[in-house]
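Please model the complete structure; the sequences and the hints are all you need to start from.
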Amino acid sequence: MEPVDVSILVVSYNTRELTLDCLRSVPAAAARTAHEIIVLDNASTDGSADAIEQEFAAVRLIRADRNLGFGAGVNRAATEARGLYLLLLNPDMVLTAGCVDRMVSFARVRPEFGIYGGRTLQPDRSLEPSSCWGLPSMWSMLCFATGLSTVAKHSRVFNPESLGSWQRDSTRPVGMVTGCLLLIRRKLFESMGGFDDKYFMYGEDADLNVRVREAGYRPVLVHTAEAVHLVGAASASTSLRRVMILRARVSYIRDHMRLSGLALMLLKAGVWLRATARAGDDWRASWATRESWLRGYEPVTTAGGPVAL
Numbered sequence: 002m003e004p005v006d007v008s009i010l011v012v013s014y015n016t017r018e019l020t021l022d023c024l025r026s027v028p029a030a031a032a033r034t035a036h037e038i039i040v041l042d043n044a045s046t047d048g049s050a051d052a053i054e055q056e057f058a059a060v061r062l063i064r065a066d067r068n069l070g071f072g073a074g075v076n077r078a079a080t081e082a083r084g085l086y087l088l089l090l091n092p093d094m095v096l097t098a099g100c101v102d103r104m105v106s107f108a109r110v111r112p113e114f115g116i117y118g119g120r121t122l123q124p125d126r127s128l129e130p131s132s133c134w135g136l137p138s139m140w141s142m143l144c145f146a147t148g149l150s151t152v153a154k155h156s157r158v159f160n161p162e163s164l165g166s167w168q169r170d171s172t173r174p175v176g177m178v179t180g181c182l183l184l185i186r187r188k189l190f191e192s193m194g195g196f197d198d199k200y201f202m203y204g205e206d207a208d209l210n211v212r213v214r215e216a217g218y219r220p221v222l223v224h225t226a227e228a229v230h231l232v233g234a235a236s237a238s239t240s241l242r243r244v245m246i247l248r249a250r251v252s253y254i255r256d257h258m259r260l261s262g263l264a265l266m267l268l269k270a271g272v273w274l275r276a277t278a279r280a281g282d283d284w285r286a287s288w289a290t291r292e293s294w295l296r297g298y299e300p301v302t303t304a305g306g307p308v309a310l
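Using my numbering, read the sequence shown as starting at 2 and increasing by one per residue.
Keep in mind the hints are simulated off the structure, nothing from the lab.
Here the structure is a predicted model, which means the values were calculated and not measured.
Backbone N, C-alpha and C define an ideal beta-carbon position, used for all residues, glycine too.
Among the clues, some could well be false.
Claimed, not checked - Computed list of lysine to aspartate or glutamate pairs in EDC-like fashion (alpha-carbon distance at most 20 Å, straight line):
no. : residue 1 : residue 2
1   : Lys154    : Glu113
2   : Lys188    : Glu162
3   : Lys188    : Asp22
4   : Lys188    : Glu113
5   : Lys269    : Glu292
6   : Lys188    : Glu37
7   : Lys188    : Glu3
8   : Lys154    : Asp283
9   : Lys269    : Asp282
10  : Lys154    : Asp170
11  : Lys269    : Asp256
12  : Lys269    : Glu162
13  : Lys269    : Asp283
14  : Lys269    : Glu299
15  : Lys188    : Asp6
As the list claims (entries may be wrong) - With beta-carbon atoms standing in for the labels, derived distance ranges:
no. : residue 1 : residue 2 : range
16  : Leu263    : Arg126    : 40 to 50 Å
17  : Trp273    : Ser166    : 35 to 45 Å
18  : Ser156    : Trp288    : 20 to 30 Å
19  : Met266    : Glu3      : 47 to 57 Å
20  : Gly262    : Arg64     : 38 to 48 Å
21  : Glu292    : Arg61     : 21 to 31 Å
22  : Arg279    : Gly165    : 23 to 33 Å
23  : Pro28     : Thr277    : 45 to 55 Å
24  : His257    : Pro28     : 32 to 42 Å
25  : Pro28     : Ala216    : 28 to 38 Å
26  : Arg126    : Gly217    : 33 to 43 Å
27  : Leu263    : Glu299    : 18 to 28 Å
28  : Ala216    : Asp125    : 30 to 40 Å
Quick look at the structure:
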């Protein structure tokens, strides 16, 4: 088959209507960019795969026989890709006109960044900031442990991972681009070994960004590429989502932070503080289940199978 400019990869799991809306937004977003769409459906039970197949005959649909998770799902879809670039796209995203065109055009002329993100918006067009973050550090972990990152959540000093009050309205290097809207050259993704499969959900993007940075690249946000993100709509319940995020954070700390023991103590302290301060039922549930998420994600074995949550 002939190569294309970009392979758009979507991993879906019981997100039928969201995925359909996402796919409907692609033609206008990539009007000037030769592209293909590959959807991996993680054994959805809501008819997602059948609906995609019925409405989008040109989409390459992969039906997984079990829930592989996000990272492993992307890796599987990437093996089918023929694009010069891969665009990872959450099913709860609706791209604006020209979004893909702008990301790919920028990547062509600025290859030194390696990973490219876009500006994500709420449905009312206000900022939804989760398309990029600062990377975790011992300082950010201390701010979390002491509650400073919550009290001063808009401060770049005391909540550095949030990038302060920056409205994502300028193109600039960032610590990491999240997997909801992430463009990367396919050969670079392959040279990194793709995502680490052990990150079932969350954390796989931070891990990839760090490894790409270590290879000499600088992830960047392209502010002119915009998309509406219904954040959390494709995720589990709030409490389960928090536990999964914490489990991913534990794995990231062990994989990439030098003072991992101290960082884990700070993480645990921050969860305890929020649980005892009655910051929400999800924090209390997270503290009650700490023995689960403090294990982190286990390395994937050759036997495979879904990760226990």
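Do the hints match the structure? See the list:
1. Lys154 - Glu113: With a Cα-Cα distance of about 31 Å, the restraint between Lys154 and Glu113 is violated, given a limit of 20 Å.
2. Lys188 - Glu162: Between Lys188 and Glu162 the Cα gap is close to 29 Å, so the pair fails against 20 Å, i.e. violated.
3. Lys188 - Asp22: Given that 20 Å is the threshold and the Cα spacing comes to 29 Å, the pair is violated.
4. Lys188 - Glu113: holds (14 Å)
5. Lys269 - Glu292: Measuring from Cα to Cα gives roughly 11 Å; hence the hint holds.
6. Lys188 - Glu37: Roughly 17 Å separates the two Cα atoms, so the pair holds.
7. Lys188 - Glu3: Holds, because 17 Å separates the two Cα atoms, which is no more than 20 Å.
8. Lys154 - Asp283: holds (18 Å)
9. Lys269 - Asp282: With Cα atoms ~17 Å apart, Lys269 and Asp282 stay inside 20 Å; holds.
10. Lys154 - Asp170: With a Cα-Cα distance of about 19 Å, the restraint between Lys154 and Asp170 holds, given a limit of 20 Å.
11. Lys269 - Asp256: holds (17 Å)
12. Lys269 - Glu162: Roughly 18 Å separates the two Cα atoms, so the pair holds.
13. Lys269 - Asp283: holds (15 Å)
14. Lys269 - Glu299: holds (19 Å)
15. Lys188 - Asp6: holds (13 Å)
16. Leu263 - Arg126: 40 to 50 Å: Distance hint for Leu263, Arg126 holds at roughly 41 Å.
17. Trp273 - Ser166: 35 to 45 Å: Between Trp273 and Ser166, where Cβ atoms are some 28 Å apart, the hint is violated.
18. Ser156 - Trp288: 20 to 30 Å: holds (25 Å)
19. Met266 - Glu3: 47 to 57 Å: Since the Cβ atoms of Met266 and Glu3 sit about 54 Å apart, the hinted range of 47 to 57 Å holds.
20. Gly262 - Arg64: 38 to 48 Å: Holds, since Gly262 and Arg64 (Cβ atoms, about 43 Å apart) stay within the stated range.
21. Glu292 - Arg61: 21 to 31 Å: About 41 Å separates the Cβ atoms of Glu292 and Arg61, which means 21 to 31 Å is violated.
22. Arg279 - Gly165: 23 to 33 Å: Since the Cβ atoms of Arg279 and Gly165 sit about 27 Å apart, the hinted range of 23 to 33 Å holds.
23. Pro28 - Thr277: 45 to 55 Å: Taking Cβ atoms as reference, Pro28 and Thr277 lie about 51 Å apart, which means the hint holds.
24. His257 - Pro28: 32 to 42 Å: The hinted range 32 to 42 Å holds for His257 and Pro28, with Cβ atoms some 38 Å apart.
25. Pro28 - Ala216: 28 to 38 Å: Cβ of Pro28 to Cβ of Ala216: about 34 Å, so the range 28 to 38 Å holds.
26. Arg126 - Gly217: 33 to 43 Å: Once the Cβ atoms are compared, 36 Å apart, the range 33 to 43 Å for Gly217 and Arg126 holds.
27. Leu263 - Glu299: 18 to 28 Å: With a Cβ separation near 23 Å, Leu263 and Glu299 satisfy 18 to 28 Å, so the hint holds.
28. Ala216 - Asp125: 30 to 40 Å: holds (38 Å)
Hints 1, 2, 3, 17, 21 from the earlier list are contradicted by this structure; the remaining hints agree with it.
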